[in-house]
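Enquirer: Sequence:
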Amino acid sequence: MIARVSFIVFFVFTLCSGHAQECTLDLGGKNAETIIRIFQLNDSQITKMETLQADLEVKTKIVEDEIEKLLSEHPQSKEADLITLGDKYKVLQQKIVDACWESDKMLLSTFNVRQYERYLILCKEAFRRPISVVPMTYEEDNDPK
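Numbering (the numbering used here), first residue to last: 3 to 147.
These are calculated hints, taken from the structure and not from any lab test.
Just so you know, these numbers come straight off a predicted model, no measurement behind them.
Cβ coordinates follow ideal geometry from the N, Cα and C atoms, glycine included.
Honestly, I wouldn't trust all of these hints.
Calculated cross-link-like contacts (lysine-lysine; reagent style DSS-like; alpha-carbon spacing at most 30 Å) [as the list claims (entries may be wrong)]: (1) LYS50 <-> LYS63; (2) LYS90 <-> LYS80; (3) LYS63 <-> LYS107; (4) LYS32 <-> LYS63; (5) LYS97 <-> LYS80; (6) LYS92 <-> LYS32; (7) LYS107 <-> LYS80.
Label-pair distances were calculated between CB atoms; the ranges are [to be verified]: (8) VAL93 <-> LYS32: 25 to 35 Å; (9) LYS92 <-> PHE129: 19 to 29 Å; (10) GLN23 <-> TYR91: 39 to 49 Å; (11) GLU141 <-> ARG120: 29 to 39 Å; (12) LYS107 <-> GLN42: 11 to 21 Å; (13) THR86 <-> ILE123: 36 to 46 Å; (14) ASP67 <-> PRO137: 33 to 43 Å; (15) LYS97 <-> ILE123: 22 to 32 Å.
Work out the full structure: start from the sequences and follow the hints.
Expert: Right, here's the structure in full:
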């Protein structure tokens with residue numbers, strides 16, 4: 003069971019092709035329930051996560067449309083054209099990576115000390131560099147476990 007949970011956690015933290023070795027949550031993926039369960043998010047954190055996911059979906063859709071337009075309209079007949087196309091593509095790809103990272107950081111900033119410590123432990127197990135935030139302080143009765 004522990005091996006299965008560790009595998010799932012490792013998988014969750016490596017899905018978003020964010021900064022090379024950073025420990026991401028992958029809010030843009032389909033792992034919302036896993037994030038909620040592993041970190042025992044409270045209602046306000048779940049609402050924040052859903053808002054971040056919706057915003058991220060809009061941002062990535064815009065960039066994906068830009069990529070599609072670039073690939074269909076950019077000249078590709080010469081080697082120089084292909085190099086320029088590749089450079090422009092990398093810039094657009096980085097926009098998606100940055101948006102994923104920012105969304106993860108915003109959710110992490112809602113974590114309490116225990117949730118963030120759990121995140122740090124899981125990142126260490128996955129050999130990933132955690133995103134640095136200052137955990138929130140919640141009142142005891144609203145504090146997720």
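Enquirer: Work down the list of hints and note, for each, if the structure agrees.
Expert: Structure-based check of all given hints:
no. : hint                          : in the structure
1   : LYS50 <-> LYS63               : holds (20 Å)
2   : LYS90 <-> LYS80               : holds (15 Å)
3   : LYS63 <-> LYS107              : holds (20 Å)
4   : LYS32 <-> LYS63               : holds (16 Å)
5   : LYS97 <-> LYS80               : holds (26 Å)
6   : LYS92 <-> LYS32               : holds (24 Å)
7   : LYS107 <-> LYS80              : violated (41 Å)
8   : VAL93 <-> LYS32: 25 to 35 Å   : holds (27 Å)
9   : LYS92 <-> PHE129: 19 to 29 Å  : holds (26 Å)
10  : GLN23 <-> TYR91: 39 to 49 Å   : violated (22 Å)
11  : GLU141 <-> ARG120: 29 to 39 Å : violated (20 Å)
12  : LYS107 <-> GLN42: 11 to 21 Å  : holds (20 Å)
13  : THR86 <-> ILE123: 36 to 46 Å  : holds (44 Å)
14  : ASP67 <-> PRO137: 33 to 43 Å  : holds (36 Å)
15  : LYS97 <-> ILE123: 22 to 32 Å  : holds (31 Å)
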